[in-house]
Amino acid sequence: MKHLSKRQGFFSLWAFFILPILNIGPAWAAEELLTENTSWPNDSWQLEYEYDDFSEKIHHAKLTYAPQDFATQKAFLIRCQPFYTNFSTAFLEEKNNLMENGKLHNDSSKYAKHGFIYDQKQDLKVKVAGRSFSEDVSVGGQIRALSNWFPLADSFKAANKDKVSVSWHTSMVFQEIPSFTSTKNTDLSRELFKAFKTAIENSTPMHFQLDMPNGIQQKYSLDVQRLKNFAPPEVLDFCLLSRTLRDD
Numbered sequence: 001m002k003h004l005s006k007r008q009g010f011f012s013l014w015a016f017f018i019l020p021i022l023n024i025g026p027a028w029a030a031e032e033l034l035t036e037n038t039s040w041p042n043d044s045w046q047l048e049y050e051y052d053d054f055s056e057k058i059h060h061a062k063l064t065y066a067p068q069d070f071a072t073q074k075a076f077l078i079r080c081q082p083f084y085t086n087f088s089t090a091f092l093e094e095k096n097n098l099m100e101n102g103k104l105h106n107d108s109s110k111y112a113k114h115g116f117i118y119d120q121k122q123d124l125k126v127k128v129a130g131r132s133f134s135e136d137v138s139v140g141g142q143i144r145a146l147s148n149w150f151p152l153a154d155s156f157k158a159a160n161k162d163k164v165s166v167s168w169h170t171s172m173v174f175q176e177i178p179s180f181t182s183t184k185n186t187d188l189s190r191e192l193f194k195a196f197k198t199a200i201e202n203s204t205p206m207h208f209q210l211d212m213p214n215g216i217q218q219k220y221s222l223d224v225q226r227l228k229n230f231a232p233p234e235v236l237d238f239c240l241l242s243r244t245l246r247d248d
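In terms of my numbering, the sequence shown opens at residue 1 and continues consecutively.
Calculated from the structure, these hints are not laboratory results. Check the hints yourself; a few may be wrong.
[As the list claims (entries may be wrong)] Label-pair ranges, simulated between beta-carbon atoms:
id, residue 1, residue 2, range
1, Glu48, Gly130, 30 to 36 Å
2, Lys57, Ser138, 40 to 46 Å
3, Phe83, Asn37, 15 to 21 Å
4, Thr181, Ser39, 20 to 26 Å
5, Ser134, Ser108, 22 to 28 Å
[As the list claims (entries may be wrong)] Restricting the straight-line Cα-Cα distance to at most 20 Å, the calculated cross-link-like pairs of lysine-lysine (PhoX-like) are:
id, residue 1, residue 2
6, Lys74, Lys228
7, Lys74, Lys163
8, Lys95, Lys161
Fair warning: this is a prediction, and the values are worked out from it, not measured in the lab. Beta carbons are placed, not taken as given, at the ideal position from N, Cα and C, and that holds for glycine.
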């Protein structure tokens with residue numbers, strides 16, 4: 001396993017000026033960058049996270065899976081913050097496959113001039129350990145970049161320049177978020193949170209089926225056992241396992 005680490009220390013000037021009578025030592029933050037194997041960004045996970053060097057409390061983390069062939073396979077992103085965890089899936093699609101009656105549906109048409117050309121509610125079905133659920137999810141398509149999650153070779157960009165980068169995401173909001181905020185969970189985020197916990201605790205894959213225009217169905221799976229083998233347990237705890245959803 002490739003393991004790169006960098007640590008940065010900084011002295012708290014605020015504490016120095018406000019509390020001069022105390023003997024204040026340096027506060028340290030540690031950053032870790034881990035790659036599952038040397039083939040990144042092809043068929044590999046990558047983890048970036050920051051934590052307190054003394055308490056080892058994690059501040060934030062990002063898990064990215066880059067497939068072997070992004071032209072035909074799905075990418076995954078799990079972005080973890082103190083108040084929420086975002087889960088996203090991305091893939092490439094032919095523009096014609098998104099068009100119905102010669103047009104692209106776009107619920108966010110005001111952003112079309114910025115390259116966001118497709119936005120439509122679609123049905124998403126998730127199955128884990130014999131249990132499944134279906135919820136609507138907003139699926140977006142943009143032509144600004146094929147991927148902002150990992151680097152792509154110039155030859156790949158040239159070969160796929162006419163494709164649309166399609167993605168969907170949901171935010172699982174935790175009880176630590178300040179009560180005055182309006183950010184809340186959706187039916188999808190609640191169900192997906194339960195599904196993730198079940199999959200991780202039972203080391204079982206998550207199966208997805210996403211309906212798309214023209215009767216196309218995108219079917220794919222997340223290898224949760226592989227994710228568990230790569231990600232440190234404390235990261236999975238911070239992202240999902242030790243968390244409780246906001247319940248209002």
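Going through the hints against the structure:
1. Glu48 <-> Gly130: 30 to 36 Å: 34 Å, holds
2. Lys57 <-> Ser138: 40 to 46 Å: 33 Å, violated
3. Phe83 <-> Asn37: 15 to 21 Å: Given range 15 to 21 Å: violated, Cβ gap about 32 Å.
4. Thr181 <-> Ser39: 20 to 26 Å: 40 Å, violated
5. Ser134 <-> Ser108: 22 to 28 Å: 23 Å, holds
6. Lys74 <-> Lys228: 19 Å, holds
7. Lys74 <-> Lys163: Holds, at about 14 Å.
8. Lys95 <-> Lys161: 11 Å, holds
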